[in-house]
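A.B. asks: Keeping their order, the protein sequence lines are chains A, B and C. Those letters in the first sequence? Residues 0 to 337, per numbering that gives the first Met the number 0, in order. Those letters in the second sequence? Residues 0 to 539, per numbering that gives the first Met the number 0, in order. Those letters in the third sequence? Residues 0 to 307, per numbering that gives the first Met the number 0, in order.
Calculated from the structure, these hints are not laboratory results. Remember, it's a predicted structure, so these values are computed and weren't measured experimentally. The C-beta atom is built at its ideal place from N, Cα and C for all residues, glycine as well. Among the hints, a few may not be true.
[Claimed, not checked] With a Cα cut of at most 16 Å, we get these calculated EDC-like pairs of lysine to aspartate or glutamate: (1) B/K336 with B/E347; (2) A/K123 with C/E75; (3) B/K324 with C/D136; (4) B/K302 with B/E362; (5) B/K87 with B/E450; (6) B/K257 with A/E53; (7) B/K461 with B/E473; (8) A/K58 with C/D144.
[Said to hold, decoys possible] Simulated restraints on C-beta separations: (9) B/G233 with A/K58: 24 to 34 Å; (10) B/A397 with C/I52: 26 to 36 Å; (11) B/A397 with C/E83: 55 to 65 Å; (12) A/G74 with B/K452: 36 to 46 Å; (13) A/G74 with B/E189: 21 to 31 Å.
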Amino acid sequence: MIKYLARRLGLAALVVAGVVVLTFFIARVIPGDPAASWVGPHATAAQIAAVRTELGLDKPLVVQIFDYFGGILSGNWGVSIHTHQAVLSDIALRLPASLELVVTALVIAVVVGVPLGVISAYRKGRLSDQALRTLAVFGVSMPVFWLALILQMVFFQQLHLLPVAGEYDPELQYSSPLMSYTGFTPIDALFTGNWPVLGSSISHLILPAFAVAAYPIGVVMRMVRASILEVSGDAHIQMVRALGFSERSVFGRFALRLAWSPIIQVLALVFAYALVNTFLVESIFNWPGIGSYAAAAITSLDTPAIMGITLLVAVVYVLANLLVDLLQAALDPRIRLK
Amino acid sequence: MKRMRIVAAIIVAATLTLTACTGTPHSPTANEGGSTAGANTGTNSTFVYDAHSTAITSWDPSTSYSNEIIVLSNVYETLTRYNDNTQKVEPLLATSWKSSADGMQWTFTLRPDIKFHSGNPLDAAAAKAAIERTIKLDAGAAYIWGAVKSIDAPDATTLVFNLSYAAPLDLISSADYAAYIFDTKAAGSEDLTAWFEAGHDAGSGPYSVTKWQQGQEVEVTLDAFPDYWGGWDGAHYDKVVYRVVGQATTAAQLVRSKEVSFVAQLTPELWGSFKDDNSVQVTERASWQNLFAFYNTTDGPLKNPNLRKALNYGINYDGIVAALKGSATRTPGIVPKGLVGYSEGLAEYAYNPDQATQLLAKEGYGPGKKALDLTLTYTSGDDQQELAMTLVKSSLAALNVNVSLTALQWPTQWAQAQSEDASKRQDIFVMYWWPDYADPYSWFINLFHSEEKPFYNLSYYKNAGLDAQIDKVEAVLAVDKPKAEQMYIEMQKELFNDAPAVVLYTSNYQRVLQNSVAGYVDNPAYPNVAFAYDLQPAAQ
Amino acid sequence: MSRLNRVTNAGQGSEPRGGSAFGPTSAGRRAVRWMRENPLFAFGAAIVMIVVIFGVLAPFLAPFPDDASTATHPFETLVAPSAEHLFGTDQVGRDILSRVIYGIRISPVIAAAVIASSCIIGIPLGLLAGHFGGVIDEVIMRITDIFLAVPALLLALAFAVVLPPSPYSTMIAIGIAWWPWYARLVRGEAKSVTTRRYVENARILGLPRWRVMFRHVLPNSVTPVIVQASLDFGGIILTAASLSFLGLGAQDPTPDWGLMVNQGQGYFATQWWVVTFPGLAILITALAFNLLGDGIHERLDPRRVVSR
C-alpha cells in the first residue's frame, strides 16, 4: 500500500510539474507584449521597458521558468495584469464563490441524476427509459452559456421568479451584515443564523447552479444507468434475484450499491469540468468567482492569471483523482496490486 | 453511500483549508474601516453608481489611468475643473490663476484653510509635493505635466509653475488623470504607493473611502468627509456606493427596482426602453471619444489620396449610426462638441457610392474592375466598434473593396502598427481617441504630427505645413483663444482635403437615473464621472 | 466538454475485438431492425442527416445567402421573427436563419477536423507506446497524463488565447487538447493485440516490426477509434462553440453559432431571437451527434451492452 501510495503521489507531482511547464510555454508564445498591456494604452516606451524589468520578462527563458517554479512553490503565482493584484490572492478571494456554485451543482447532479439513472436502468428499453436517456443526452449536449441566458430570460425576465445576478442581495450588507468564517456565503449565513442572507443567497444560487449542473446531471444519469446495467448481470445480483427480492429492490439497493464506485470516479472528473464551465456561466450571472475572473483575464490577455487558473484547475483535478484512486485502493486490494 | 460521503467531506475539508490558508476576508464586515456606517440605510442619502466593469484597477492618484476615475473624482480634487458648457476652466482648489504674457509662467492662488482627509493642511507646498510625485513616477497620464520645468510655493496659497515651453496650464491642471492634489504625507512612515493600493485615500474631496471589497459586486463605499471645504449645507448625498454589474439587463432591473441611482452604461436597446418610462430619467450626451480609421499613407494602395477619399465616400456612416441606435453620433471634422475648435460648419464625408466608384475607377479599381484588397486592424472587446467594423467591411465590399478585418488586443494591434518592417503594417488602423485634458491639441499632436518612429500617428502621416501649425497652436492658445480656435478649424480643413484618416463616429453617453436624483449633468471632460457632491437627493 | 463517454469506456479493460459486428450477408436488414429498436439512434441519425443536407445545400436553402458573408442591412436591424425573416435579424440586419444554416459549415466541420488531427497525432503515438512498451511507452503516457490533467476546454482555451482568433486556431487548440485520448485508446488496444498469438507468430516469422504494427495492430484499433470518434463529435462541437462564445474563435462576419450567441448577449432582454436560435442550433446538433455516437457505440462495442 505504501509503495502504491508513493507511486501515485509521485506521478501526481510529476503531472502537476508538467502542467506548470506546459502553461508557462503557452504563455510565453503570446504574441502580445504583457508589459505593454500592463501599463495601458497611452504608455511610453520607457514605461513599458521598466515594467518589463519589473515583471522579469527580460531574463532568459530558462531563468524565467525556474523563477516561475520557485515562485509557485513559495506561493507567488505572479501578479495579474488586469487586477494588478497577486494571482494567488485573487484566486483565493474568488474561489469560495465558485466552489459554492460547483458543489451545489454537483449536489443537484447527484440528487437528480442518481434516482433518474436508477429508474432509467430499471425501466430499460421502455418509453420512460428512452425519455430519460434523451434528457441525459440533452444535459451533456447543452451549451451552458446559452442555457444560462435562457434561464435568465425565463425565470427572471418572464416569470420574475428568481433574481438574475450576484451572490446575494447587496442591500443586506447594511441591514443584515454577514460575518465571514468559511468564505461560503450560505454556510456562514446558516451558522450565524443570518436568515435574510441565507434566503437571498439560496435564491441567487439556483439559476447559476442549474446552468452549471446541466452537464453533471447528464453525466451522472448516464453513468448510473450504465453501471447498474453492468453489475445487474453479476453473479451476486443474480443471487439476490434468486433469493426472491423484488426487481425494484434489486436495482435500488443492491445494484446501486455495487455501482457506486464508477459513479464516484465520474464525480471527480465532473467536478473539474464543472469548474471550467463556470468560465462560461459566471460572467452572465455576475457571480464573483474564478469563472468571471477567468473570462476577464481572457479578454485582457492576462497571462499570469490564465496560467494561475489553469494550474489551479489541474491541481484540483489531479487531487480529486488521487483521492478517488486512493479510496478505491483502500477498499479494493486488487487495484493496489496492479 | 458511505464512500460518497467521505469524498464529499474531503473536498469540503480541502477547500476550507485553502481558504483558511490564504485568509482573505470575504464578507463585507470583515473588511477594515470600522466605520461602515451600516446603520444608515436611508437610500435617499446614498448615491449608488452602477459601473459596467470593476471600478478600481489602481488607487494611486498619481498613476491611476483607468476606470477608477469614477471613484477618485469624488475623493480627490484638481486645481481647476473644466466646464464643457462654457468651454471654460473654472476654479476648484485654486480660486484664481494667471499666466505671464508668453505663457511660460503660471501662478495659481489656492483656496485657504483646506484640509485633506488626513487632517493635514492642503497648502501650496502640499500641492507642489503631489504634482512632483506624479511627475517623478512618470506613469499613466503623467506626461501632461511635460512642460513643467519647476514648481515653487512662495507662500501657503501661491503655487507657481515655470514651464520650458508655453502650455495652457489652467486646462492641464483640470485633467481627469494625473492632476489630483493629494497628501503625500498621509501614509506617515509607510510606503505611500503600497498604502494607496491597500485602498486608502489621501484626498481633499467631498467623500472619503470607507470600504473597498475587491472583486465584490458592491465594490467601493464612500462616506461624506465632514470637514469638506464646500460645506454640507443644503441637500447632498452623504454616502456613495459603487456597484459593479456587467450585465446590462441586470443593471436595468436594478434601476427599475430603485436599488441603484445611476447606470453609467446600458445597451442602446435597453436605454431606449427607458425613454418613455416616467419612473426614471434618461440623459444622452456626445462624448469626446472618436472612433478613427487611420489610412496607411506611406505604404500600400492607400498611399494614393484618391483611394483614401474613395473609402471615405464608400463608408455608410448613417448606417453605422442607425445600427448603433443612438449610442453614437457624427462629428463634423475631428474635434468633438464642447472643445475649442469644434465647428458645425466643417465639411464632412458622407456615404456616396457613386463618387466612391468614380474615384476607384480613376485608379483602376472598383466594381467590375480590379479588386482592392486591404487589411484592417481594430481593438477587440468593444461591441460598438465591432458592429461598426462589420458595417464598414460590408459597405466597402459592395464597391469591390475587400477589407480583411482583424480584431486584436490593443498591445498586439499597436505593436503591429509600429513594426519596423513596413510590409507588416496594416492598411487601416481603427482605434478610439479621447483627450486627457480638455484641449483638442491631443488629437493633433498625437495623431497627425509627423513622427520619426510611429507612435500614435498611425496613418504615418507627414505634412510639414500642418506640423508647423501644430507646433505653434498651444502657445497661441495660452494667450489668444480665438486665434487658436481659428487655427484648429484650418487644420481640420487641411485634414479633410488630404484624408489621412476619417472619424467613423463619436460615442454617446446614455445614462439612466432614478427620478430622485437631481442635478446630474454629463461632463465629457471627466468620462463617466458622476460628481456626487453636486447632486441632490430630491424627495419624490 | 463531453468527456463522459471516456468514463464509460474507462472501466472496460482492453481486449481486442473480433471482426466487425456487422455480418457480411444481411447487414442492411439487421441494421434497419436494430434502428427500429433504437429510436434515439434513429432520431439522432435523422437529424444529423438533415444537418448535413442543410450544410451541403446551404446556398439553396438559406433565404439570404449573402447575409452569411459580408452583406448587412443597417436600417433593418433587430427585426423580430416574421414571414420574411423566420428567425428575425441580428444587430446589423442580417437574416439569422441564413446565418444559422451557414453555421453548419463551421462548428461541425471544425469537429471533423479536430477528430482527424487527433487521430493523425494520437494513433501513431499510441501504436508506438503500446507496441514497443518500455521507455517509449512511459514517456508518451506521462506526456498524455500532463495534457489530460487539464480539462480539454481549459487547455484548448489556453492555447486559443495565444493564437490569432480564427476557426483554424479553434481547430488547432482543440486538437492539441484532444489527441492524448486517442493515443491512450490506441495504446491500450495495441498493447493487448501485441501479445496475441498471431502477432507474436508474425514476429517470430521475422516480419519487420513496423509491418506487424500496421498490418496487424492498427486494423484492430480501428473499431474503438471509430466508436470514440462518434462519441466525441458532439462534445467537440460544444467545445468549439464555447471558445467562440468567449471570443477566441471565428470572427465576424463568419456565421459561427457560438460567436452569434456572444454577439447577441447584449440584446437578449430586448430581442430574444438573436441568441435563441444560434444556441438552439448548437444544442440540436450536439444532441444529434451524441445520440448517433451512443448508437454507434452500442452497435460496434458489444461489451458495453453485455447485460442486454
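A.B. asks: Would you mind marking each hint as holding or not holding in the structure?
C.D. replies: Evaluated hints:
no.	hint	verdict
1	B/K336 with B/E347	15 Å, holds
2	A/K123 with C/E75	52 Å, violated
3	B/K324 with C/D136	61 Å, violated
4	B/K302 with B/E362	12 Å, holds
5	B/K87 with B/E450	31 Å, violated
6	B/K257 with A/E53	45 Å, violated
7	B/K461 with B/E473	20 Å, violated
8	A/K58 with C/D144	30 Å, violated
9	B/G233 with A/K58: 24 to 34 Å	59 Å, violated
10	B/A397 with C/I52: 26 to 36 Å	31 Å, holds
11	B/A397 with C/E83: 55 to 65 Å	21 Å, violated
12	A/G74 with B/K452: 36 to 46 Å	41 Å, holds
13	A/G74 with B/E189: 21 to 31 Å	23 Å, holds
Of the hints listed earlier, those the structure fails to meet are numbers 2, 3, 5, 6, 7, 8, 9 and 11, in rising order.
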